[in-house]
Amino acid sequence: MLRIDDLSFNYGAVCILAEIEASVMRGQILSVVGPNGTGKTTLIKSIARIVRPSGGTIRIDGTDTSRMTHKELARRVAYVPQHAPDTFPMTVFDTVLMGRRPHVSWRPSDQDLYLIVEIIREMNLEAVAMRTMDQLSGGQVQKVLLARAMVQEPDYLLLDEPTSSLDLYHQLEVLEIIAALIKNKKMGAVIAMHDLDLAARFSDTVIMIKDGKVFGTGTPAELISPENIRAVYGVEAAVDRANGYLHVQPLRCTGERAFSNEQRLQ
Amino acid sequence: MNRQYPEPLYRRYKADNRAKTILMFSLILLACIVAATDLAVGASDIGPWQAFVALFKDSGRIHDIVWMLRLPRVVLAALAALAALAALAALAALVGFGLGLAGAVFQAILRNPLASPFTLGIGSGAGFGAVSMIIFFGGFNTYLVAGGAFVFALLSALLILGIARLKNASSETMILAGIAQMFLFSSLTSLLQYMGTMEQVHEIVFWFFGSLSKAGWPEICLAAVMILIPVPILLYRSWDFNLLAAGDESAKALGINVERLRITALLAASLMTAGCICFTGVISFVGLVAPHITRMVIGGDYRFLLPVSGFLGAVLLIAADTLGRTVWAPQVLPIGIVTSIIGVPFFFYLLLKKSREYW
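Residue numbers (our numbering), protein chains in the order written: chain A, 652 to 917; chain B, 592 to 950.
Worth flagging that the hints you see were computed from the coordinates, not collected in a lab. Quantities reported herein were computed from a predicted structural model and do not represent experimental measurements. There could be a bad hint or two in this list.
[Stated by the list, open to error] Chain B regions said to be covered by chain A (calculated; three or more residues, Cβ under 8 Å): (1) 603-611; (2) 781-789; (3) 825-835; (4) 883-894.
Cβ coordinates follow ideal geometry from the N, Cα and C atoms, glycine included.
All chains, full assembly: derive it from the sequences and hints.
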């Protein structure tokens, strides 16, 4: 189990995250939702220790991650960024190969390469494997980044808004791949999400963040309600169920908008 | 995992890597050939060498006299001339290798196609160091000038590092700081030139041309130490430079200590640059262009890019040395001028030929 206790993150004197409590089991998806600039990305990055939290603990199966080296942590937790940088793009194969770094001290072995080939095939990326990343579509890039995380063979996946720049088809495809991985490989996942419909559809647990604090935690059906959406997003919305899925229909802004962290920093 | 290996994709990847390795060894071979040509071209101009050849031509009694009386002196002179040429070629190879590899490292750690020892101001720092020695200490002593260049090259690298540490700077900030620093050192250098005597200015201008002829074997050995010691460290971390290309955040999440890697690599590459510049002056272009040409040909995998870029730099610089000594013979053109005049149009050609923004 990945467990977050009393996590806080301060940027100078400004508090970005405070008193965050959350946990996710293997084989489950935890979605982090909330308005822009509310600390979702910071939470994901704190777990991956890309940024250092100011307080609190993160434990993986009982072990405090702050006691692990970066490399040890990278074997347990894989982080999938939103984008790949466009300067000096690598080939898809070399990008996926990077995922073996935490397991290999200097150069990858043939066994490592077999694993790369296997996962590139699973992700249906064989045709583009020798192309550079800048020649791919947004959906393909996201799949390559996901493949790199798979090659890391982690226990937990951390995804920062994996669908934010994708079209309808690829949003669904990427999330279905993630859901299948979580189920088949018994990994846990923490996903920062914007789309409440998709969050409701794919998560086991949802955590709603407002102004850097947990507003509520629960199953999608418990948490995604008109009252909570109004309180957190400042939006009047109707929530109904169609074709077996929860559906949020935003109606109008209430004008009571919470301050984002960016605004609070100024 | 019970499929048959090797698979097509696996085989293709292996074949790609084999091709890159073959290219690398071809470049080493090419460097040797170019160096041999360099020696042959240079040697053919030398009197003692012709005398040496004449020794083996049968020319009657004179031949015998030459054999008996002049042989030792002629052989010694010829050997000395050859050694001087070999020194030039060795220095060209070393400096080309160092600049090519260091340039690739700067581009890797700053993730910026503009990055090179010179756009970071390290070259200008070295130039200022050399010039201040010439002005203030009447430094026509090579070691003094080289020492000044070395100290200021490292100082400017440390300044960039300091800014990066204090402000947790992005690679863009570091490049900006480098370019600002370049202007600062250029202005200071101009100021010193303005203050200097005619003789000093002449010396300064000659230093800035970039020339291989300032160094003898002791200097070359010292340069070799500075250029070659960081190489194993950089090659050992070459896979990590790939991860850096995926972005700082991804690299951190993959277990890399990004700050430490960047500082180690910056210091190592600065030491190499200082070793290249201090005895030769400003030979700027190779450090920027060798990594780009290499990237166009073999792609961005730093495990190959670093060594290949080094060897390509060596080939380019030895070739430039040969050209510089033959094009306008018996005048010798400074190598720094040759590399830029030949290199820039070639680089423009490559830029235009490629359709993509990066390669």
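Review point. Hint numbers the structure violates, sorted upward?
Key: 2
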